[in-house]
Amino acid sequence: MHILVCGGTGCHASSSNLLLENLKEQVDENELSGEVQVIATGCFGFCEKGPIVKMVPDNTFYTQVKPADATEIIQEHAIKGRQVTRLLYKDPVNKETISDSRKMGFYKKQIRIALRNCGLINPENIDEYIAADGYIALGTVLSGMTAEQATKVMIDSGLRGRGGGGFPTGIKWDIARKVEADQKYVVCNADEGDPGAFMDRSILEGDPHSVIEAMIINGYCIGADHGLVYIRAEYPLAIERLKIALNQAREYGLLGKDILGSGFNFEIEIRYGAGAFVCGEETALIHSMEGHRGEPTFKPPFPAQSGYLGKPTNVNNVETFANIPVIFNKGAEWFASIGTEKSKGTKVFALAGKINNVGLIEVPMGTTLREVIFEIGGGIKDGKKFKAVQTGGPSGGCLTEKHLDTPIDFDNLLASGSMMGSGGMIVMDEDDCMVSVARFYLDFTVEESCGKCTPCRVGNKRLYEILDTISKGKGTHKDLDKLRNLGDVIKDTSLCGLGQTSPNPVLSTMDNFWDEYIAHIEDHRCPAGQCKELIHYTVVEENCVGCTACARNCPVNCIAGERKEIHFIDQSICIKCGACLEKCKFNAISVS
Amino acid sequence: MSAIKIRLKENDLQQLKDVCRSFNNQEGELINVLHKAQGIFGYLPAEVQEVIARELEVSVARVYGVVTFYSFFTMVPRGRFPISVCTGTACYVRGAEKVLDEFKRLIKVPVGETTPDGKFSIAGLRCVGACGLAPVVLVGDKTYGRVAPDGVKKILKEYDDK
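As they're listed, the protein sequences go chains B and X. If you use our numbering, the first sequence corresponds to residues 1 to 592, in order. If you use our numbering, the second sequence corresponds to residues 1001 to 1162, in order.
Simulated from the structure, these hints should not be mistaken for lab results. Be aware that one or more of the hints could be misleading.
[Stated by the list, open to error] Cut-off 30 Å, straight-line C-alpha distance, at most; resulting in silico cross-link-like pairs (DSBU-like, lysine-lysine):
id, chain 1, residue 1, chain 2, residue 2
1, X, Lys1009, B, Lys66
2, B, Lys299, B, Lys178
3, X, Lys1104, B, Lys583
4, X, Lys1119, B, Lys472
Given the structure is predicted, the values throughout are model-derived calculations rather than measurements.
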């Protein structure tokens, strides 16, 4: 029996490492080490209910397991063969208990290609990756294909870059392959910066060898013998696992000189990012790797012509790389048979926000937003009403109810005024104010703009200021015109992808939630009850029973009232934190 | 450059030179050198940047430009217990802003600064990818998940006698 314990960052933060220790201890104490193996795996994706423990082979799926539950799992499940019912997953809709993960709504519709090994293998053990068909693709390519043939497989598969741009990967490789140079480079972009997207981190934590294998294949195809992984310094666990994987690959002769006796050499080193969103842009990333400020430069020349240290460089993102070994193992045709006409394969999305099942999912291109949010995601938290879903991070837009049945692929999302981006999906409910959300994204863009070109540096700052004015109820109709004009100019004239997309959250919320902007301007009212300057909390006298819950939880003590008496909020002190509303069980606090 | 003036001890200077040497004093390794230096000193005061510039044979302006460009590098010392509130979107829609406000109110310093006793500093943190636990707060290496504004007091209390 194998006991798989999630060792991803999310579950780590909920003490999964302690749980792992306890389980191992219990196994030893009960002298089960011959039959039961406890393994730390990568992310299962179901972060909402972490830490996750999965029992193999019977697929029992335990959720929200605490370190103290280890004894019961071993005593009951491992020894007596009885499931620990209280730790099983309960469907939030029909309250049914489900023990087999394959039958859970969250997993049923998923097809896992990039995430195939996450949650299944021990990422710190290369043998487990090899047992899961790892490095077979590399063998196939090195032993029987020319660079041109292997590149053709990539072109035929139709794989498009998963980092945001959606450029066909095979064509990118082909361009780099055809450039003549004495030295070329392969770069893996692991500077995942979209707030709310964490698939690259999970892949590196859960299946680092798949990325390494693909980078070597990439090197063979374009004629590079040197690879670099540019990774965020904020991802310590991913860095550690990647380092372990690189060392193991070297020991096995899969990196270094004369790989698998083919005469091909390849080495990979790690470069650290230092917290700059713009470094996700490939030219900025290359400058950062050279030790400079991460400012983008104009393309052309493309990195494939002149990249790292002025040499031809191919940059792909982590998720793109993770798809590649499978494409070689199962064939380009197989991959191209999944997805839509112009977007092949699957896409990993990070579901977050006001959704029941926060986590990482992988679905075929062409799956609808409704399937993702309501079937896999389990619907909106606390039975609230769906309002919008923000895709593509700070560069994307907000999609609404009317987009729910649109099949998700690169082109459909663009046509709806948003974009695929790296796959972040933030779900919002009726309590979220769209003006505030747009302002939040602009705040991010202003902070992260590198300042090189004027439209992005100055324009976004102005956009932010106008949104701030509107959210304070001081905006005018003229401001709305300004937002739109300025937004269009920034999109048209910015140097890189950051500025070219930064007005999207504003423009898309204006398109889809025009009434909300008008309410802020004409009625000085925030319909969602979020904009601090426009709301106040009051006690609904007929509902107040004097339980004192609000007064006890008020951080500034601005609520007065004795037990069993009607309470009163002093507006002059209130900081509008909303704690009273959250704590009141009698609907006796209203926002107006 | 920085308001804080320090004098590097001979020992520190040597350590810094060793770091530069471990990267062959190569200009292209500047960011790696800065990562290591911040790991040693906890922050990157002007004096440290000057030494690095000299060792790698680049201008101080170049070093300063890189330090101020990346949010990971800081020129002021952080508190003994640096508080980071995740400001990613998932945390934002689950109320991170209110949590940050409450921290600011209780420790009485704005974002990016350190309390006068050097105990706490507060900063917004870029998405850590633990969106299942939103809103997320880090104090040092310890992670707190699903933090509500009224839970902030309790978190700070844990550090009362430290």
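Right, here's what the structure says about each hint:
{"no.": "1", "hint": "X:Lys1009 to B:Lys66", "in the structure": "violated, 47 Å"}
{"no.": "2", "hint": "B:Lys299 to B:Lys178", "in the structure": "holds, 18 Å"}
{"no.": "3", "hint": "X:Lys1104 to B:Lys583", "in the structure": "holds, 22 Å"}
{"no.": "4", "hint": "X:Lys1119 to B:Lys472", "in the structure": "violated, 35 Å"}
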